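From first to last, the protein sequence lines are chains A and B.
Counting in our numbering, the first sequence runs from 1 upward without gaps.
Counting in our numbering, the second sequence runs from 1 upward without gaps.
Simulated from the structure, these hints should not be mistaken for laboratory data.
Worth double-checking, as some hints may not be accurate.
With a straight-line Cα cutoff of 16 Å, these simulated EDC-like cross-link-like pairs (lysine to aspartate or glutamate) come out [stated by the list, open to error]:
id, chain 1, residue 1, chain 2, residue 2
1, A, 48, B, 100
2, A, 48, B, 96
3, B, 117, A, 54
4, B, 189, B, 199
5, B, 117, B, 100
6, B, 113, B, 100
No experiment lies behind these values; they were computed from the predicted model shown.
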Amino acid sequence: MTTASLIVNAAEEGEFPNPLIPAAYDILWSSVIFLVVVGVFMVLLLPKLQRVLDERAEKIEGGILKAEQAQAEAAAALEEYTEQLTEARAEAARIREDARAEAGQIVAETRESAAEDAQRLVQTAHKQIDAERQQAIVSLRGEVGALASELASRIVGESLADDARQQRIIDSFLDDLEAQVSDTSKAKG
Amino acid sequence: MANLALDAATEAASELAADEPGSASGFFGWLFYSDGFHAPTVGEFFPPALFGEGTFFEFNRIMLARVIAAAVLILIFWLVARRATVIPTRGQSLVEMLLDFVLVQIVEQVMSKENAKRFLPFLATLFLAVFAFNITGVIPFINMPGTALIGLPIIMALWVYVLYLTVGIKQHGFGGYLKTSLFPAGVPKPIYILLTPIEFLQVFILRPATLALRLAANMMAGHLLLVLCFAATQYLFFEAALALKAVGSVTLIAGLAFTLFEVFVSALQAYVFVMLSSVYITMAVEEEH
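Bound-form chain B, shown alone (with noise of 0.2 Å):
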């Protein structure tokens, strides 16, 4: 039935396309038009600028997806905030069970109870920025996860990066910190040899690096799969032989899996990088691990 309706539109689209041979004019035209398949390329991540293109204030559709995210996030959290009671509305119980859900399922996990209670705030920020930015990869007119570009895992990974370091120091001193983190303590000392060079590329490059690499290459993953589904289902719809068409269905469906999918990994991609977070961390400022 969908797949009559669709051809209907197709044809009426393809007349509207006959109407003015050589482009598709039009919203229906723009909305039905198809030149051909295109696989998915790294431009996805690169799209035009709103403003300032060239320059070092160079605005564009990823950025704009970051903004209301953010805002997003924000205003639902201020919503809630203004008007927090000691007996919580409904919202109020969703949003204290999210921060909940981070105390008690990440943070207290790998971390004592003052330590938790020190750096929940940031922690907890850092999560719901995290799934905030990730989950506008299958709002839709967003479509684009604010993590994909690689900018902002960057940033946040840093900002752990330099959290941990700073606490790490602060607890053990420079050099005690040092010490503990590439001399790790009960092993013999001829391993030290392998073991500190292996320590210093973790602590220093390789859990920033991975951090921010971990979740960009998730959500690039995600979007081009998404991207994938949806330009190959467009393009047998509304393009290709009448046999073909059927296929489409077969991406859409898929493309509506990958996009459920894509919410789970929102979501998994901000816990394991909390999660990590809360680790490096508790490896700073713990006496010996």
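Same shape as in the complex, but just chain A (with noise of 0.2 Å):
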């Protein structure tokens, strides 16, 4: 017996249930097989699949986060890397500007203390000047009075006949106290 000849026999016998209505047995194992499904795919199957999706997705936004952060890292190491060249500029323009200052200062002290010692020597010298210029004063007072009393002699001592002989005896002596004064120098030299 094949099926196309049962089925043409059960034709002819024109006794098939109506099929929208359902027979016992189908409901049954229709109930048993789709139970089956369900249970095994809710209980089993999808949890797990399930499991290795959130897996996943948490895996993704780790890592997204993860690449925020390395890039948050990077600007902020960037930040502080631009924020200390810029400090070290400023330094390194500020150690110029004091060299430069302190180059001037000491120029300017060089250059104080240099005035100050040739002052100090031009002081020396005028001292030394001055006490010369009273030595010269003091011994000169003490001839003067020596060759005033001198000349009186010498005025009294001759005749004063004339004004031209007291006229020679006194540029004989202003010549003779010349020649002295010259003298006197020059032993000291």
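Could you fit the two chains together into a complex? Lean on the hints.
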């Protein structure tokens, strides 16, 4: 007996149930099969797959978070570096400025001390000159008295016949005096 | 060329048949035997029992098709789920794409994200089950959609029915659910005289009935079309007069086309079934609709 002939026979008998009204066995087996499928899927298979999907989502989120962190860190590092660079530049400029100022100060100080030295030298020279002049005055004062008394004795000693003679005496005295002074200065040298 | 080969085979078959007049014998005899054209009948869906004939436990070809479909579906997902990893293999990607399709293209189209998360496991299972039971209609040697017999569609529709009634009553309370579903807000009071009976029929009878009937009728019609095409081809090639044999290639091509169409219908009906289930559940849990 083939399936085809079975159908033909059955069709000829015309005893088919209404296909829209389920047979009891149909409901039974349908329930069993559908329950098994739903049970296995909802209890075992889908939760397992869902777990993997969740884990993946978590990992991706974690990865994104990590990348963001790294980016933030890099940005912070860059900012710090830039700041340091700016600071370093400012410091270099400051050091250069300081050095320049120091150099100027040194020059000024040097110049000042040189000026002081010069002044001191000049003052010393002045003082020496003053002292010499004082000495000269003192020695002159002493000599002037002697000279004056010598001159007076000469005038008194010689007869003062005329003015010409008198003039000659004075001239010779002055010449002597001059010679004497020049000798003294030569001796002092 | 194919026709020539088939003709040769037919001749061989008829020789075989001639050897033992009255009935065809042997594999080829059976394969190329035709005792006239028989249009398919509703009997297609009441095949002889494999065991337990006439009892509550009667088990026939359609039940077997369902068992095979369920077993293969579970096997595929078990193989994938067993070594599902964070970095998916190709097979796992396909399965995930399928689940993602149900989530994004069906469930999230009608539900909020929280509800989608809550009902996705059942709805995804429903989609896969409906598709698996449909597709057996075009799998060679099974050739019978598990959903063509009304029992399975009824069970699935009943499940959805009980589910949306349960979540609706849980959400609104029994009276609240009746009120939101039978007396939709924003309608003038007299209209309720018309609307409430319609809504009652809708919620309590038509929704599950149409779910089950749409699926079963579609798969039944598809199966009958395929049987018609291939039965006609068999008859035209091996039984009809020579001139009619060429027509057999037309029915054969039609059969191929309908086979492809049935693959599409299998997916489409699964989509429709799950989409409507999502809509019904959403209507039950939503505050107002």
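Quick rundown of the hints versus the structure:
no. : hint            : verdict
1   : A:48 <-> B:100  : holds, 15 Å
2   : A:48 <-> B:96   : holds, 12 Å
3   : B:117 <-> A:54  : holds, 12 Å
4   : B:189 <-> B:199 : holds, 15 Å
5   : B:117 <-> B:100 : holds, 12 Å
6   : B:113 <-> B:100 : holds, 13 Å
The earlier numbered hints are all upheld by this structure, with none contradicted.
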